[in-house]
Amino acid sequence: MKNSAGAQTEHSGTTHLLAVGTKKGLWLGTSSDRQNYVFTGPHFLMAEIPSIAIDTREGRTRILVGLRSEHWGPTVAHSDDLGATWDEPERGAITFPPDTGSALERVWQIQPDSADRPGVVWAGCEPISVWKSTDNGEHFELNRGLWDHPHRTEWGAGYGGAAAHTVLPSPADPTTIHVAMSTGGVYRSTDGGASWQPRNNGIGASFMPVDTPEFGQCVHKIARDSNQPEVLFAQNHGGVYRSANNGDSWDNIAQGLPADFGFTILTHPHRSDTAWVIPIKADAERIPPEGKLAVHRTDDGGASWTSFTDGLLEPECNVVLRDAAAVDAASPVGLFFGTRGGTVYASADEGESFVPVLRQLPDVLCVRAAGIEL
Amino acid sequence: MGEVRILVPTLLQPLVGGSAELRLEVGAGAPLSELLDAVAGEFPVFGRRVRDETGKLRRYVNIYLDGDEVRRLDGLETQIAAGQELMIIQSVAGG
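Which chain is which? The protein sequence lines are H and E, in order.
Mapping of the first sequence onto the numbering used here: position 120 corresponds to residue 655, and the numbering continues sequentially without gaps.
Mapping of the second sequence onto the numbering used here: position 84 corresponds to residue 87, and the numbering continues sequentially without gaps.
Just so you know, the hints here were simulated from the structure itself, not pulled from any lab data.
We put the CB at the ideal spot given by N, CA and C, even for glycine.
A hint or two may mislead.
As the list claims (entries may be wrong) - Under the rule of at most 30 Å between Cα atoms (straight-line distance), these lysine-lysine pairs were calculated in the DSBU-like manner:
| # | chain 1 | residue 1 | chain 2 | residue 2 |
| --- | --- | --- | --- | --- |
| 1 | H | Lys559 | H | Lys827 |
| 2 | H | Lys558 | E | Lys59 |
| 3 | H | Lys667 | H | Lys559 |
| 4 | H | Lys667 | E | Lys59 |
| 5 | H | Lys816 | E | Lys59 |
| 6 | H | Lys827 | H | Lys558 |
| 7 | H | Lys827 | H | Lys667 |
To be verified - Listed below are several chain H residues computed to face chain E (Cβ distance under 8 Å; list not exhaustive):
| # | residue |
| --- | --- |
| 8 | His606 |
| 9 | Trp607 |
| 10 | Gly608 |
| 11 | Thr620 |
| 12 | Phe631 |
| 13 | Asp634 |
| 14 | Pro824 |
| 15 | Gly826 |
| 16 | Ala829 |
Claimed, not checked - These stretches of chain E come out as covered by chain H in the derived footprint (C-beta under 8 Å, 3 or more residues):
| # | stretch |
| --- | --- |
| 17 | 39-52 |
| 18 | 58-69 |
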């Protein structure tokens, strides 16, 4: 069975791989039960790892990482042997063409396309840009439609920088791609990336003079429903939303949550209308509500939410960043996340209970998980 | 014509074949950017570590020419002469 992340459904006997990107390197763990891990790392000590992809298409496991050294700049590396060795294209996987006059600052997202589009990998970067690779992430080409977009001069920078942080190709239709950027909001292409239109109708922007502008929102993360590709979920800078029409309009589904601020949102790889968020108290108070970490899940498209705290340490004053959470494709689904305080949690029961599998790491920036065949 | 020595920081030495020092032939009045282009031609990853794709020296990379930081000279247009020594050092950054 395919899912939107391009992975296959995982079967029993699978080894579970957990990749944790931090502000000072990458840790890679393997486990048979998603509770007890053996980790290697740090790989790339002192480089931040804001993006990771585990690409299990084509019968092998490729780990792609976007890394960035404060001194030596950003680059993309990949490993086909679980981190024993890493390759980096000599000329760089992502480099801005000379006519842009721009330089890559950070790779925020590496997103393999669906399993029936082998070799295709997308990237979202800072400065705000989308890139496409057709050779398994070894070389990417700048998407000119978004780069030359007339709105570009009006897009801004969130606290972390101006980036396209989410790229969601539709598994149902190779011409449909959604991108989320901070700040700018959600953009959609229905012609394979040749042109892009803002799709933020209903999404708030409390930091702007107009509550619901056409674009300019600080959408922190979007995720696509696995079985209904036209259904999307968004964690906004204030507001949690669901779109039933490919992003044409968004409905606020935050009722029932203790707070509508947060960074991450995840969808179930097999089941419709199931999503997870990890709320933060507010824009101005960036800690979990009451200092207690909780994962909230909806199984009905946001009509109701259930809070899960079993195994999560208290108190917690650190947040979970937009890509510091992930699901795998196993059954039951595993859910994994890390905090800026360096604790990494694993759940083997769809986010209902957790065990800390790493502690006291540097700030966790990115987490990815997948079942692999050794 | 004559040689210029380029001292490579430990972290970048694996990118230039393990050498702590490179030696390049330079003509009279060659700008630093040309030297870096020549090194990057042979060692592209090293080149990308030192400068970004626009050719700009990365913010926290310092290059000293006989002890003077090149940003205080003419930057990448600084003229390099045979017999001089370039030292590449990462500056203070990070936490």
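Comparing the hints with the structure gives:
1. A C-alpha spacing of about 26 Å is found between H:Lys559 and H:Lys827, which places the hinted pair at or below 30 Å, so the restraint holds.
2. Pair hint H:Lys558 plus E:Lys59 holds up; C-alpha atoms about 24 Å apart against a cutoff of 30 Å.
3. Among the hinted pairs, H:Lys667 with H:Lys559 is consistent with the structure: their alpha-carbon atoms are about 27 Å apart, no more than 30 Å.
4. The suggested pairing of H:Lys667 with E:Lys59 holds, with an alpha-carbon distance near 25 Å, which does not exceed 30 Å.
5. Among the hinted pairs, H:Lys816 with E:Lys59 is inconsistent with the structure: their alpha-carbon atoms are about 41 Å apart, more than 30 Å.
6. Note on H:Lys827 and H:Lys558: the hinted pairing holds, with a Cα-Cα distance of about 23 Å set against a maximum of 30 Å.
7. Note on H:Lys827 and H:Lys667: the hinted pairing is violated, with a Cα-Cα distance of about 39 Å set against a maximum of 30 Å.
8. Interface hint status for H:His606: upheld, as the beta-carbon distance to the closest one in chain E is roughly 4 Å, under 8 Å.
9. Restraint check, H:Trp607 versus chain E: the minimum CB separation of about 4 Å is within 8 Å; hint holds.
10. Against a cut-off of 8 Å between C-beta atoms, the interface hint on H:Gly608 holds, since the closest Cβ of chain E lies about 5 Å away.
11. At a threshold of 8 Å, the smallest CB-CB gap from H:Thr620 to chain E is about 13 Å, leaving the interface hint violated.
12. At a threshold of 8 Å, the smallest CB-CB gap from H:Phe631 to chain E is about 5 Å, leaving the interface hint in force.
13. For H:Asp634, the suggested interface contact is broken, since its CB lies about 11 Å from the closest CB of chain E, more than 8 Å.
14. Checking H:Pro824 against chain E by beta carbon gives a least distance of about 28 Å; that is not within 8 Å, so the hint is violated.
15. Against a cut-off of 8 Å between C-beta atoms, the interface hint on H:Gly826 is violated, since the closest Cβ of chain E lies about 24 Å away.
16. For H:Ala829, the shortest C-beta to C-beta distance to chain E is roughly 29 Å, which exceeds 8 Å, and the interface hint is violated.
17. For a cut-off of 8 Å, the count of residues in the stretch 39-52 of chain E with a CB near a CB of chain H stands at 4, and the three-residue condition holds.
18. Counting residues of the stretch 58-69 of chain E whose C-beta lies closer than 8 Å to any C-beta of chain H gives 4; at least three are required, and the coverage claim holds.
In the structure shown, a violation is registered for the earlier hints numbered 5, 7, 11, 13, 14, 15, 16, in ascending order.
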